[in-house]
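Asker: Turn these sequences into a full structure, and let the hints guide you.
Order-wise, the sequence lines are chains F and L. One point on numbering: in the working numbering, the residue at position 210 of the first sequence is 210, and numbering is uninterrupted. One point on numbering: in the working numbering, the residue at position 174 of the second sequence is 174, and numbering is uninterrupted.
Worth flagging that the hints you see were computed from the coordinates, not collected in a lab. Even glycine gets a Cβ: it sits at the ideal position worked out from N, Cα and C. One or more hints might be untrue.
[Stated by the list, open to error] Derived, one-sided and incomplete: chain L residues facing chain F with beta-carbon distance under 7 angstroms: (1) 19; (2) 103; (3) 145; (4) 147; (5) 150; (6) 153; (7) 255; (8) 259; (9) 275; (10) 299; (11) 302.
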Amino acid sequence: MSQETAGQRIEMSELPPGSSEFWRFMRVFLSRPVVIFGAIVIVAFVIAAAFSGSIAPYDPLAQDLTNRLLKPGQQGHLLGTDALGRDMFSRIVFGSRTAIMVGVVALSISAVIGMILGLTAGYFGGITYAMIMRFIDALMTFPPILLALTIAALLGGGLFNVMIALGIGMMPGYARVMCGQALSVREKDYVMCARASGATHARIMLRHIFPNCLPPMIVLMTVMIGVTILAEAGLSFLGVGIIPPTPAWGSMVYEGYNYLLTDPMLSFTPGITIMIVVFAFNMVGDGLRDAIDPSLRGTI
Amino acid sequence: MGTYLFRRILQMILILIIVSAVVFLLVRLLPGDPILMYLTRQDVEGISPETVAKMRHELGLDRPIYVQYVDWVAHVVTGDLGNSLVQRRPVISDIKQRMPITIHLGLSAFFIAVLLGIPFGVIAAVRRGGWLDQVITTFGNLGITVPIFLLGILLIYLFGLRLGWLPIYGYTSPFEDFWLNAKQIIMPVFCLAIPPITATLRLTRSSMLEVMRQDYIRTAWAKGLRERAVIARHALKNGLIPVITLNGITVVIILGGSVIIETLFNIPGMGRLAVEALRSQDYPVIQGVVLFTSIIVTTSNLLVDLTWGWLDPRIRYD
Numbered sequence: 001m002s003q004e005t006a007g008q009r010i011e012m013s014e015l016p017p018g019s020s021e022f023w024r025f026m027r028v029f030l031s032r033p034v035v036i037f038g039a040i041v042i043v044a045f046v047i048a049a050a051f052s053g054s055i056a057p058y059d060p061l062a063q064d065l066t067n068r069l070l071k072p073g074q075q076g077h078l079l080g081t082d083a084l085g086r087d088m089f090s091r092i093v094f095g096s097r098t099a100i101m102v103g104v105v106a107l108s109i110s111a112v113i114g115m116i117l118g119l120t121a122g123y124f125g126g127i128t129y130a131m132i133m134r135f136i137d138a139l140m141t142f143p144p145i146l147l148a149l150t151i152a153a154l155l156g157g158g159l160f161n162v163m164i165a166l167g168i169g170m171m172p173g174y175a176r177v178m179c180g181q182a183l184s185v186r187e188k189d190y191v192m193c194a195r196a197s198g199a200t201h202a203r204i205m206l207r208h209i210f211p212n213c214l215p216p217m218i219v220l221m222t223v224m225i226g227v228t229i230l231a232e233a234g235l236s237f238l239g240v241g242i243i244p245p246t247p248a249w250g251s252m253v254y255e256g257y258n259y260l261l262t263d264p265m266l267s268f269t270p271g272i273t274i275m276i277v278v279f280a281f282n283m284v285g286d287g288l289r290d291a292i293d294p295s296l297r298g299t300i
Numbered sequence: 001m002g003t004y005l006f007r008r009i010l011q012m013i014l015i016l017i018i019v020s021a022v023v024f025l026l027v028r029l030l031p032g033d034p035i036l037m038y039l040t041r042q043d044v045e046g047i048s049p050e051t052v053a054k055m056r057h058e059l060g061l062d063r064p065i066y067v068q069y070v071d072w073v074a075h076v077v078t079g080d081l082g083n084s085l086v087q088r089r090p091v092i093s094d095i096k097q098r099m100p101i102t103i104h105l106g107l108s109a110f111f112i113a114v115l116l117g118i119p120f121g122v123i124a125a126v127r128r129g130g131w132l133d134q135v136i137t138t139f140g141n142l143g144i145t146v147p148i149f150l151l152g153i154l155l156i157y158l159f160g161l162r163l164g165w166l167p168i169y170g171y172t173s174p175f176e177d178f179w180l181n182a183k184q185i186i187m188p189v190f191c192l193a194i195p196p197i198t199a200t201l202r203l204t205r206s207s208m209l210e211v212m213r214q215d216y217i218r219t220a221w222a223k224g225l226r227e228r229a230v231i232a233r234h235a236l237k238n239g240l241i242p243v244i245t246l247n248g249i250t251v252v253i254i255l256g257g258s259v260i261i262e263t264l265f266n267i268p269g270m271g272r273l274a275v276e277a278l279r280s281q282d283y284p285v286i287q288g289v290v291l292f293t294s295i296i297v298t299t300s301n302l303l304v305d306l307t308w309g310w311l312d313p314r315i316r317y318d
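Answerer: Here is the structure:
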């Protein structure tokens, strides 16, 4: 008994620190300070979105025309107030809710549709492949923002429509990557094995091919969150996205633009917030890529 | 090369057919009745169902959708995109007027992106880990993060409002007043160029790093070639192949950016036309802009592929 315990102890101490898969992952993932910074920003961003009500000191929609255009720090308004006297800090905090909602939902829509199309095209090949991928090629000739803008304008604005519009606009990228993955995975021996043992197409696709295509898709999704948030900001900057007065960072930049000469911070603060959050997602995406599969470097 | 060219052109035609169907259906299948919207906007008194039906018939919107599509395509290939519902003039005349402006800005941004992105990417790869690489990589990371409208606003604030060096909006034809035009487009072109510059330099860097690891590069070093010869003659040739394919995407990025930048800088190009048309639900114009944007992209993709096939014979025989 004691021998066994001792043996185990020796075994444990012989292993290099953190050799389990999880710790290896975390070690590579967090090896660069900039990734840690990104992770912290994302956590703060998620907390701000989840607990906006408790964090924001003021109601983000409450107008106070006697205290309009206050400079940052004046009268207890951390980031000042906008042209309608609304507290900028509270609007930024509530804006994170919009950003994360649009980001996550649009991302899910685009990822799900894109992956289904890509998987189908890559798995079946032949005429199915040709039809789906030519359609994707055609969609890829539209700039995503123009496609999303068109769909959003035709559906009418509003949070939900913007999510759908962005979801469709961002979809082709996923289909491309997924299709490439599926094409290579379907040639693997275990797929042939599954086919030989009589598995249905659906089963092979979902149980055998899909899980093995996931790693690059996860990396792609992390990077695309940033891109999606940027695109949403672009749409609401153009006034097509979120309907005011719902706080959205892009429309805050636009509203502040009218006061650029006297109060430039009205535009800069939300703009820089977008930048920091997108930067954080990109860095974490890079970190994830290095930890999941370094060979993807340069491709995603 | 002949077969390759032929095959690529066939593919391009196929893609354009799909694009036209998507553009057509996008506007028709989504909710919202253009006739009702048009009539409401005109404030026509007492819209009766008959008026609506009459207009629908006049515009041919009561026919089966595939008939409408074939009819639409038949008109489009002769350059007839219908009339704008708001301006009441042919869509094609608007596009003819505005496309050169977008192409002017876009091409400038494109060349800047290639001329800056590739050398910086090469330098970063060659001096990997050095301070130059660090500066360039940081710039690359920031460049894909900054919303271009924020960049535009920062530039407008600094150079337009604070320093007063550059006009903050408008577009004058370069044939009319070259210097004014140059001043007007510096900031917009810079904004448009930032995303493709960073994309180009990141890809060039990683592709060059990949190539520099190859055996033939080691051989080149080993036989005592100077650095310039190794980089320029041996590494660049293969290192730039992925970068050429990126150029197709660059065009998409720039055209997407021009939607925002032309609106911000008040430049009457295709991008702003799209935003104007979308705000007023002017669907023939929307169709026209989206279709022409797509044609520009498809054509440049063809050019990219031809360049690629010309540089890399393996592609032609694929």
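Asker: Confirm or reject each hint.
Answerer: Checked hints:
1. 19: Since the shortest Cβ distance to chain F is 5 angstroms, the answer is holds.
2. 103: 15 angstroms, violated
3. 145: 4 angstroms, holds
4. 147: Hint on residue 147 of chain L: holds, closest Cβ of chain F at ~5 angstroms, below 7 angstroms.
5. 150: This interface hint holds because 3 angstroms falls under the 7 angstroms limit.
6. 153: 5 angstroms, holds
7. 255: Hint holds; residue 255 of chain L Cβ to chain F Cβ min 5 angstroms, cut 7 angstroms.
8. 259: This hint holds: residue 259 of chain L lies near chain F, its Cβ roughly 6 angstroms from the closest one there, short of 7 angstroms.
9. 275: 6 angstroms, holds
10. 299: 10 angstroms, violated
11. 302: 11 angstroms, violated
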